[in-house]
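**Student:** Respectively, the protein sequence lines represent chains A and B. Mind the numbering: the first sequence is residues 34 to 345 in this note's numbering, read in order. Mind the numbering: the second sequence is residues 34 to 345 in this note's numbering, read in order.
If you are wondering where the hints come from, they were derived from the structure by calculation, not from laboratory data. Note that the Cβ used here is the ideal one computed from N, Cα and C, for glycine as well. Please note that the accuracy of each hint is not assured.
DSS-like cross-link-like pairs, simulated, lysine-lysine; straight-line CA separation at most 27 Å [stated by the list, open to error]:
(1) B:Lys-125 - A:Lys-125
(2) B:Lys-55 - A:Lys-259
(3) A:Lys-151 - A:Lys-88
(4) B:Lys-273 - B:Lys-330
(5) A:Lys-342 - A:Lys-38
(6) A:Lys-159 - B:Lys-151
(7) A:Lys-259 - B:Lys-126
(8) A:Lys-259 - A:Lys-69
(9) A:Lys-259 - A:Lys-278
(10) B:Lys-309 - B:Lys-151
(11) B:Lys-159 - A:Lys-151
(12) A:Lys-55 - B:Lys-191
(13) A:Lys-307 - A:Lys-275
(14) A:Lys-55 - B:Lys-159
(15) A:Lys-55 - B:Lys-259
(16) B:Lys-309 - A:Lys-126
(17) B:Lys-259 - B:Lys-191
(18) A:Lys-159 - B:Lys-88
(19) B:Lys-151 - A:Lys-151
(20) B:Lys-159 - B:Lys-125
(21) B:Lys-259 - B:Lys-342
(22) B:Lys-159 - A:Lys-159
In silico contact screen, one side only, chain B against chain A (beta carbon under 10 Å); selected entries [unchecked claim]:
(23) Ala-46
(24) Leu-56
(25) Met-60
(26) Thr-104
(27) Ile-110
(28) Ala-135
(29) Asp-137
(30) Ala-147
(31) Ser-148
(32) Ala-165
(33) Cys-169
(34) Ser-177
Covered stretches of chain B, going by a simulated chain A footprint (3 or more residues, C-beta under 8 Å) [claimed, not checked]:
(35) 126-133
(36) 151-160
Number of protein chains: 2
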Amino acid sequence: MDRLKEINEAIEAYLQNGEPRKLYQAMQHLPLAGGKRLRPILAIISCEAVGGDGKKAIPFGVALELIHTFTLVHDDIMDRDEERRGIPSVHKKFGEATAILAGDALFAKAFEVASEVKENVGILVKNIATMAREICEGQQMDMSFEEMEEVSEESFLKMIEKKTAKMFEHAAYGGAIIGGGSDEETLALRSYGRNLGMAFQIWDDYIDIMGKKIGKPVGSDIREGKKTLMFIHAQKTPYKEKLAKLYGKKEATKEEINSVIEIFKEAGSLDYAKNKAFAFVNEAKKCLGKLKESNAKEELMKLADFAVKREK
Amino acid sequence: MDRLKEINEAIEAYLQNGEPRKLYQAMQHLPLAGGKRLRPILAIISCEAVGGDGKKAIPFGVALELIHTFTLVHDDIMDRDEERRGIPSVHKKFGEATAILAGDALFAKAFEVASEVKENVGILVKNIATMAREICEGQQMDMSFEEMEEVSEESFLKMIEKKTAKMFEHAAYGGAIIGGGSDEETLALRSYGRNLGMAFQIWDDYIDIMGKKIGKPVGSDIREGKKTLMFIHAQKTPYKEKLAKLYGKKEATKEEINSVIEIFKEAGSLDYAKNKAFAFVNEAKKCLGKLKESNAKEELMKLADFAVKREK
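Starting from the given sequences, assemble the full structure and let the hints guide the process.
**Tutor:** Written out as structure tokens, the structure is:
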């Protein structure tokens, strides 16, 4: 099946028009603006990797995508971000009150969709509800980091585990449960998803510095003073003071941004983050050893590599 | 069983401390500040009214209470209300970002709790997820009313049905499903809950004008220009112009508030709203005719009367 097409069609069908019009337009704004759909894709392939029919995992995968989008809508309000995926954020376009509500309604819709799963609905709903609460914990940690001068690597990893990796973990785990995998298989895929998510987030911060992420200005993490793994690493080196003068400077020039990147290079922080991401990818691939050979397994291997190769 | 005590203990157990501390404090703020717990009580009595063990409905009832609280937390942000239940609203105390997150986390927690129901978990989760989305629709309608000069009674009733009555409807319906009621019984209780909720909301607006609602200044609906049933009725009488001068005046004096109340009296709007609430209560009681005699049924009768007798 053409997974992306089926996922997109399902999302469109679940988010069809309703009343009041403004609320539904705000709900549709971000989910219908594209996206890689990594979480539903991961759920579907994980279902297939244990011998299940991938189609059965579509509603569950869509539920995850809706939860993902709901968190983006609310995070953008909290972080005052005005752009997302190259278009205005929901609160920028529809106002803050409607954006809060649209996020809530997407969250509710996610559980409507998830409840359509035929078997194991109780455990699947419980898992993604706990996951959603942990994502909130992760976002709260992330916000608290903004007010802290130093953040430990341990806290940072805990934060991205909750905020990002949990959802990859449950995409793979839930997909495997729907596919009827054995305990060994479902737990292996759960661990795969978690490691994949960790790599994904570290790489995401890395390409914010190095690459050209679409829909976001280059160096925005540097201007915002985001506590990334690179920053946390560099702070433990003699470059700490030099970095402190430039990092988090809202009006930093292009030259200053480049200076920060140079510092990260010289301090070995870029390599450090890169290697950390690679290590998580290797760990993820190792988990796949528990699965029988299949096309789906091959795809999971490729997905792991993609997580640390992509440039957007 | 002492229902209120059991419900409160369950809520406390479900909302025990977690990390980050600030998020959990914000989550606990409103649910642990008391409240009538009408929704869980309604779920429990409805369960008993069809011959079920009321204890089995506690997690489901708590899930509803958490959803109710989550909507209050977010509504207070949207409406810029700084007080609730006589204490500062969550965003006033913890800041807006944490309040958005605390609401989200309460919503997530509600589904964690609801997923613990042993039987019919799929349908129960679907029902309350749809209900939550409809509550969002109701809140969006309510906000849009603020910008409208005239609102039809039909639109008003549709709004309170979504924003308030749906939750009473699903409390009674879900409780009856958990109690193993027949289709006739569960549908009768569903209709009972809906009518009870309609009466409850109309009466709530009525006592805002007439009574002394705890935790809210007297006449606040008048100062905010809230489109209540009384206002909608009075707007269709010759008092319309007199009312327009005073209704929605932020800095209205006590005398001006009293003038509005006088207008509502003379225009017959107070009686109109009161009678409408009574009519919904009668409709609710009629639904109970389908149930066998029991203590629980008696209590549902009393609950219906309470909805239009209470003064806070």
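**Student:** Now tell me if each hint is right for this structure.
**Tutor:** These are the hints, each one checked on the structure:
1. Simply put, B:Lys-125 and A:Lys-125 have alpha-carbon atoms about 23 Å apart, close enough for the 27 Å limit, and the pair holds.
2. This hinted pair checks out: B:Lys-55 and A:Lys-259 have alpha carbons roughly 21 Å apart, not beyond 27 Å.
3. For the suggested pair A:Lys-151 and A:Lys-88, the alpha carbons sit about 12 Å apart, so the restraint of at most 27 Å is met.
4. A C-alpha spacing of about 43 Å is found between B:Lys-273 and B:Lys-330, which places the hinted pair above 27 Å, so the restraint is violated.
5. Between A:Lys-342 and A:Lys-38 the CA atoms are separated by roughly 23 Å; this keeps the pair inside 27 Å, and the hint holds.
6. The suggested pairing of A:Lys-159 with B:Lys-151 holds, with an alpha-carbon distance near 12 Å, which does not exceed 27 Å.
7. Our distance criterion of 27 Å between C-alpha atoms is met by A:Lys-259 and B:Lys-126, whose separation comes to about 26 Å.
8. With a CA separation close to 24 Å, the supplied pair A:Lys-259 and A:Lys-69 stays within the 27 Å bound.
9. A C-alpha spacing of about 14 Å is found between A:Lys-259 and A:Lys-278, which places the hinted pair at or below 27 Å, so the restraint holds.
10. With a CA separation close to 39 Å, the supplied pair B:Lys-309 and B:Lys-151 exceeds the 27 Å bound.
11. This hinted pair checks out: B:Lys-159 and A:Lys-151 have alpha carbons roughly 12 Å apart, not beyond 27 Å.
12. Under the criterion of a C-alpha separation no larger than 27 Å, the hint pairing A:Lys-55 with B:Lys-191 is consistent with the structure, at around 17 Å.
13. Proximity of A:Lys-307 to A:Lys-275 is assessed by CA-CA distance (about 22 Å); at most 27 Å being required, the pair is judged to hold.
14. A hinted pair counts as satisfied when its Cα atoms are at most 27 Å apart, and A:Lys-55 with B:Lys-159 qualifies at roughly 24 Å.
15. A threshold of 27 Å between alpha carbons decides the hint, and for A:Lys-55 with B:Lys-259 the separation of about 21 Å falls inside it, so the pair holds.
16. Proximity of B:Lys-309 to A:Lys-126 is assessed by CA-CA distance (about 39 Å); at most 27 Å being required, the pair is judged violated.
17. Between B:Lys-259 and B:Lys-191 the CA atoms are separated by roughly 16 Å; this keeps the pair inside 27 Å, and the hint holds.
18. This hinted pair checks out: A:Lys-159 and B:Lys-88 have alpha carbons roughly 20 Å apart, not beyond 27 Å.
19. Distance hint between B:Lys-151 and A:Lys-151 is fulfilled; the C-alpha atoms sit about 15 Å from each other, no more than 27 Å.
20. With a CA separation close to 33 Å, the supplied pair B:Lys-159 and B:Lys-125 exceeds the 27 Å bound.
21. Among the hinted pairs, B:Lys-259 with B:Lys-342 is consistent with the structure: their alpha-carbon atoms are about 22 Å apart, no more than 27 Å.
22. Distance check on the hinted pair: B:Lys-159 and A:Lys-159 sit about 13 Å apart at the alpha-carbon level, within 27 Å; holds.
23. Of the supplied interface hints, the one on B:Ala-46 is violated, with its beta-carbon coming no nearer than about 16 Å to a beta-carbon of chain A, more than 10 Å.
24. Hint on B:Leu-56 holds. Least Cβ distance to chain A is approximately 4 Å, under the 10 Å limit.
25. With its C-beta approaching chain A no nearer than about 9 Å, B:Met-60 sits inside the 10 Å limit, and its interface hint holds.
26. Against a cut-off of 10 Å between C-beta atoms, the interface hint on B:Thr-104 holds, since the closest Cβ of chain A lies about 8 Å away.
27. Against a cut-off of 10 Å between C-beta atoms, the interface hint on B:Ile-110 holds, since the closest Cβ of chain A lies about 6 Å away.
28. Here the hint on B:Ala-135 is kept, as its CB sits about 8 Å from the closest CB of chain A, short of 10 Å.
29. Checking B:Asp-137 against chain A by beta carbon gives a least distance of about 5 Å; that is within 10 Å, so the hint holds.
30. With 10 Å as the threshold, the beta carbon of B:Ala-147 comes within range of chain A, its nearest partner Cβ sitting at about 8 Å, so the hint holds.
31. Taking 10 Å as the C-beta contact cut-off toward chain A, the hint placing B:Ser-148 at the interface holds, the least distance being around 4 Å.
32. Look at B:Ala-165: its Cβ gets to within about 4 Å of chain A, closer than 10 Å, so that hint holds up.
33. Using the Cβ-Cβ criterion of 10 Å, the hint placing B:Cys-169 at the interface with chain A is satisfied: the shortest such distance is roughly 4 Å.
34. Because the beta carbon of B:Ser-177 sits about 6 Å from the nearest beta carbon in chain A, less than 10 Å, this interface hint is met.
35. For the region 126-133 of chain B, the proposed coverage by chain A is satisfied: 4 residues have a C-beta within less than 8 Å of a C-beta in that chain, meeting the threshold of three.
36. Proximity of the region 151-160 of chain B to chain A, defined as three or more residues with a beta carbon under 8 Å from a beta carbon of that chain, is established by the 5 residues found.
In terms of the numbered hints stated before, the structure departs from hints 4, 10, 16, 20 and 23, listed from lowest to highest.
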